[in-house]
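All chains, full assembly: derive it from the sequences and hints.
Chains as they are written, first to last, in our numbering: chain Z, 246 to 746; chain S, 14 to 111.
There may be inaccurate statements among the hints.
Each pair of labels, with its calculated beta carbon distance range [said to hold, decoys possible]: (1) S:Ser51 <-> Z:Arg561: 44 to 50 Å; (2) S:Ser92 <-> Z:Gly450: 33 to 39 Å; (3) Z:Glu366 <-> S:Asp44: 56 to 62 Å; (4) S:Gly99 <-> Z:Glu667: 52 to 58 Å; (5) S:Val82 <-> Z:Glu675: 45 to 51 Å; (6) S:Asp44 <-> Z:Leu306: 28 to 34 Å; (7) Z:Pro471 <-> S:Val58: 41 to 47 Å; (8) S:Val75 <-> Z:Thr563: 19 to 25 Å.
Which chain Z residues face chain S? A few, computed with CB under 8 Å, are given here [said to hold, decoys possible]: (9) Thr275; (10) Lys276; (11) Thr277; (12) Phe287; (13) Ala291; (14) Asn292; (15) Asn294; (16) Thr295; (17) Leu306; (18) Gln308; (19) Lys337; (20) Pro342; (21) Ile399; (22) Val407; (23) Pro543.
By construction, these hints were calculated from the structure, which means they are not laboratory data. Quantities reported herein were computed from a predicted structural model and do not represent experimental measurements. Quick reminder that beta carbons are idealized off the backbone N, C-alpha and C, glycines included.
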Amino acid sequence: MASAELMDYDKALELFEPVLGFEVHVELNTKTKMFCGCANEFGSGANTNTCPTCLGLPGGLPQVNKKAIESSIRLGLALGCEIAEHSRFARKNYFYPDTAKNFQTSQYDDPICHDGSITIELESGRLVTVEIERAHMEDDAGKLTHMGGATGRIQGADYSLVDYNRGGVPLVEIVTQMIEGAEHDAPEIGKTYVAAIREIAKALGVSNARMEEGNVRCDANVSLRPRGSNVLGTRTETKNVNSLRSVERAVRYEIQRQAAVLHAGGTITQETRHWHEDTGRTSAGRPKSDADDYRYFPEPDLLPMAPSRAWVEELRLTLPEPPAARRKRLQAAWGFVNLEFQDVVNSDLLDAVEATVAAGASAQAARKWWTGEIARLANVAGVAADSLVTPVQLAALIKLVEAGTLTDRLARQVLEGVIAGEGTPAEVVESRGLAVVSDDGPLIAAIDAALLGQPDVLAKIRDGKVQAAGAVIGAVMKAMRGQADAARVRELVLERAATIE
Amino acid sequence: MSEITAEQVAHLAHLARIDLSPLEITDLTHDLGQIVDSIAKVSEVATADTPATSHPMPLTNVFRDDVVVPSLTVEQALSGAPDRAGDKFRVPAILDEE
Numbered sequence: 246m247a248s249a250e251l252m253d254y255d256k257a258l259e260l261f262e263p264v265l266g267f268e269v270h271v272e273l274n275t276k277t278k279m280f281c282g283c284a285n286e287f288g289s290g291a292n293t294n295t296c297p298t299c300l301g302l303p304g305g306l307p308q309v310n311k312k313a314i315e316s317s318i319r320l321g322l323a324l325g326c327e328i329a330e331h332s333r334f335a336r337k338n339y340f341y342p343d344t345a346k347n348f349q350t351s352q353y354d355d356p357i358c359h360d361g362s363i364t365i366e367l368e369s370g371r372l373v374t375v376e377i378e379r380a381h382m383e384d385d386a387g388k389l390t391h392m393g394g395a396t397g398r399i400q401g402a403d404y405s406l407v408d409y410n411r412g413g414v415p416l417v418e419i420v421t422q423m424i425e426g427a428e429h430d431a432p433e434i435g436k437t438y439v440a441a442i443r444e445i446a447k448a449l450g451v452s453n454a455r456m457e458e459g460n461v462r463c464d465a466n467v468s469l470r471p472r473g474s475n476v477l478g479t480r481t482e483t484k485n486v487n488s489l490r491s492v493e494r495a496v497r498y499e500i501q502r503q504a505a506v507l508h509a510g511g512t513i514t515q516e517t518r519h520w521h522e523d524t525g526r527t528s529a530g531r532p533k534s535d536a537d538d539y540r541y542f543p544e545p546d547l548l549p550m551a552p553s554r555a556w557v558e559e560l561r562l563t564l565p566e567p568p569a570a571r572r573k574r575l576q577a578a579w580g581f582v583n584l585e586f587q588d589v590v591n592s593d594l595l596d597a598v599e600a601t602v603a604a605g606a607s608a609q610a611a612r613k614w615w616t617g618e619i620a621r622l623a624n625v626a627g628v629a630a631d632s633l634v635t636p637v638q639l640a641a642l643i644k645l646v647e648a649g650t651l652t653d654r655l656a657r658q659v660l661e662g663v664i665a666g667e668g669t670p671a672e673v674v675e676s677r678g679l680a681v682v683s684d685d686g687p688l689i690a691a692i693d694a695a696l697l698g699q700p701d702v703l704a705k706i707r708d709g710k711v712q713a714a715g716a717v718i719g720a721v722m723k724a725m726r727g728q729a730d731a732a733r734v735r736e737l738v739l740e741r742a743a744t745i746e
Numbered sequence: 014m015s016e017i018t019a020e021q022v023a024h025l026a027h028l029a030r031i032d033l034s035p036l037e038i039t040d041l042t043h044d045l046g047q048i049v050d051s052i053a054k055v056s057e058v059a060t061a062d063t064p065a066t067s068h069p070m071p072l073t074n075v076f077r078d079d080v081v082v083p084s085l086t087v088e089q090a091l092s093g094a095p096d097r098a099g100d101k102f103r104v105p106a107i108l109d110e111e
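Okay, here's the thing in structure tokens:
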């Protein structure tokens, strides 16, 4: 009964004003965990990267990872934040099996970064400044697998399994101020904001920033207030919305759902909600209650931090060009229209195209190959496009096409060879014998054969009906198995048609 | 006299997952009340220009370098676990049946 459950989006916006807030967790890509020297990596088997500290065993003592502090400060600076002169960790106490210590080491009243803002640009060109309340450090939880239920979800599970490899990995949690005035753009603001955070984290190199791998995770807070009211509505917090598209959908869904509840005279429960990617809906999680009495207190095992102003300024000098400014610069330099440029950005191929241009290719050719053939092959293989070939290899391939050594069709075969690990483009051309035949001898023989085989076409060409040559060109290209330059074939066909006996 | 109540103690005990008997709750309500009163006396002495102290040592910025050190083996990590399944810790169902 979707109609009763959700109000039409436009009607919801007519009756209510949405108020948003986001909490984005960025997983740092340090070599080790936040408070111990266990490797910050996955994939070498469950519970292979644990120690008494990250397992919360007696005697374990935390030690702060300097690189994680550095990354947090750089991230804070890139978000326009103040860096606290005094900052400390706090224990957030709660019992849950993914947290072996029975508390999360987080920050409470002295976060490392506070009071920043970033300005995002929506597709309409509207600029929205999102104020950032704080960005604080904390450690991640382990990974739970729920067993025995039909759905793999926690509901109905008989028991759960825990892998603590992720337990203790450093996170920065970025918390926005309340975002008012979003209006119809609310879902797009959510998506664009999270994309901007992801892009900044990636540009800084402080995180792998892959949402699909959980390096960036978003909790979206949504509340509605009736038009004309200045009292905030009750908010819900939708957890772990883990793709940009899901952020957009989850915000829209909550606006429509809450509007339907409120309009029918109901009330919104302040609660955590879970986003379900498959159905595009949220469902109620636990209500906010006693369970949120976390009894924060300063972490007694860790000393306070006082980042020196000199260190902060030194780190400020390491900040890269802001991603939004870089995008504007590159689009202008490459002369791409918006659609072409968006295609590159949305495919996450900006770095790849930039590196390919730097390696000597034209921007248009680099764009065409990355977003075309390479993206297609990557899609088939289910991998990232930039994992298939290097920008240097692609630039070399493009040069071969531009020099006339390869046609596009042959270049695609060379690309396959490069991806298959057969060597550089030049080596693949050599080993597969794929170069365009430039000696006209075999070509002229093929053209003569084709012309004599189609006397009616030959007659038409001689009558000046040049477009009839297409049939002959096709036959020649076929005979040459594609290893001929079509423009040259056309030239020779017209030439031979005039002279052939 | 402090305002610690038996309800607060019971609530705290629940949050800390400590199973207290009614007698223990009564005793702890009394004991915690005395502790709160004692700390209140310190507050009387501390003037506005005394900063709150969370750590007694005048040390800051104690960091370690981002260098990997060997972890426990999986067997060591799981050796204290009440239950396991393969290389993972096994825990009881998290949600109660509704």
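Hints and how they fare:
no. : hint                             : verdict
1   : S:Ser51 <-> Z:Arg561: 44 to 50 Å : holds, 46 Å
2   : S:Ser92 <-> Z:Gly450: 33 to 39 Å : holds, 38 Å
3   : Z:Glu366 <-> S:Asp44: 56 to 62 Å : holds, 60 Å
4   : S:Gly99 <-> Z:Glu667: 52 to 58 Å : violated, 40 Å
5   : S:Val82 <-> Z:Glu675: 45 to 51 Å : holds, 49 Å
6   : S:Asp44 <-> Z:Leu306: 28 to 34 Å : holds, 29 Å
7   : Z:Pro471 <-> S:Val58: 41 to 47 Å : violated, 52 Å
8   : S:Val75 <-> Z:Thr563: 19 to 25 Å : holds, 23 Å
9   : Thr275                           : holds, 5 Å
10  : Lys276                           : holds, 5 Å
11  : Thr277                           : holds, 5 Å
12  : Phe287                           : violated, 13 Å
13  : Ala291                           : holds, 4 Å
14  : Asn292                           : holds, 5 Å
15  : Asn294                           : holds, 5 Å
16  : Thr295                           : holds, 5 Å
17  : Leu306                           : violated, 11 Å
18  : Gln308                           : holds, 4 Å
19  : Lys337                           : violated, 12 Å
20  : Pro342                           : holds, 4 Å
21  : Ile399                           : holds, 6 Å
22  : Val407                           : holds, 4 Å
23  : Pro543                           : holds, 4 Å
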